[in-house]
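Asks: Sequence:
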Amino acid sequence: MKIMVTGTAGFIGNQLALKLLERGDEVIGIDNLNDYYDVNLKLARLDRIKDHKNFTDVRANIADREVIEPLFAEHQPQRVVNLAAQAGVRYSIENPHAYIESNMLGFLNILEGCRHNKVEHLVYASSSSVYGANESMPFSVHDNVDHPVSLYAASKKSNELMAHTYSHLYNIPTTGLRFFTVYGPWGRPDMSPILFAKAITSGEKLKVFNYGKHRRDFTYIDDIVEGVIRTLDNVAQPNKEWNGTTPDSASSKAPFRVYNIGNQTPVELLDYIETIEKHLGKTAEKELLPLQPGDVVDTYADVSDLVKDVGYKPNTTIDEGIKSFISWYKDYYKV
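Residues 14 to 348 in this note's numbering are what the sequence shown lists, from first letter to last.
Think of the hints as simulated: they come from the structure by calculation, not from any bench.
What you were told as hints is all true, and nothing was included just to trick you.
Here are the simulated EDC-like pairs of lysine to aspartate or glutamate, each with C-alpha atoms no more than 16 Å apart in a straight line:
id	residue 1	residue 2
1	226	287
2	211	51
3	326	235
4	211	290
5	63	39
6	295	217
7	218	290
8	32	64
9	63	35
10	218	300
11	326	239
Sequences are here, hints too, so could you generate the full structure?
Replies: Below you can see the structure in the form of structure tokens.
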């Protein structure tokens, strides 16, 4: 298939593009290589795919309508995966405008491109952050998610609402994927695994928020990408059982679906750090701090709908995933 992937210099987008190319798809990759974090890491990721004969590398900002419209018209992708976004819960408190531009305006441009070019299926990144103040565990796609606790989460919830509108109005199949704390080789340097590994290897004091007591459903990158591909191949269908008197938030009369992709095994932060210490062979000095604004205490994915509809369940253990991550980390950062 001809597939447009946004965010191909990013953590998830790059690994997804690599896997799609390996299976024989043509990939039109879009990324603006912004400097939210180290551009050299983004370029190094792109080096893995840039010379593939079926890869087209496009440097563009999805928020730029004048660029995105003709790109869709020129390439006519059959399917689209939108992973380009301004990421980060904490950064959304410091720089809220970046989230509206990329995550809202940019996503609108993607929806419009799908609408006007007869795209067969749009898959897009949502986030476990949308669960916000919800404390019902595990998090189900059928739960209410109307109480986000960060603008980043609000922007991702908005993407789901926007996608439903386009599915309803224009019959565009859309699937939103709520990713749960992704980690692994080639990960973002602003996320905990690299921050922890760098602090441990350099002997710096490790800042551990919520006194290390909050839990995350850490999900390995390969499991995330496999989930994206499975859902991309499984075009969203209307739910014939959907009823407006008892509405289901994860489906619709329109071709609209939402899934969790998580490891279904919440791990306490101190245990996660301990696993990183084990594979680095070094213990960290820790500074225990309160929970930060915008963070949720626990995340825990219910993936039963993903299993039922596409037959997939993430299964990489924390020990396996961290071992692989540390191997890459030592090689890439010359530790």
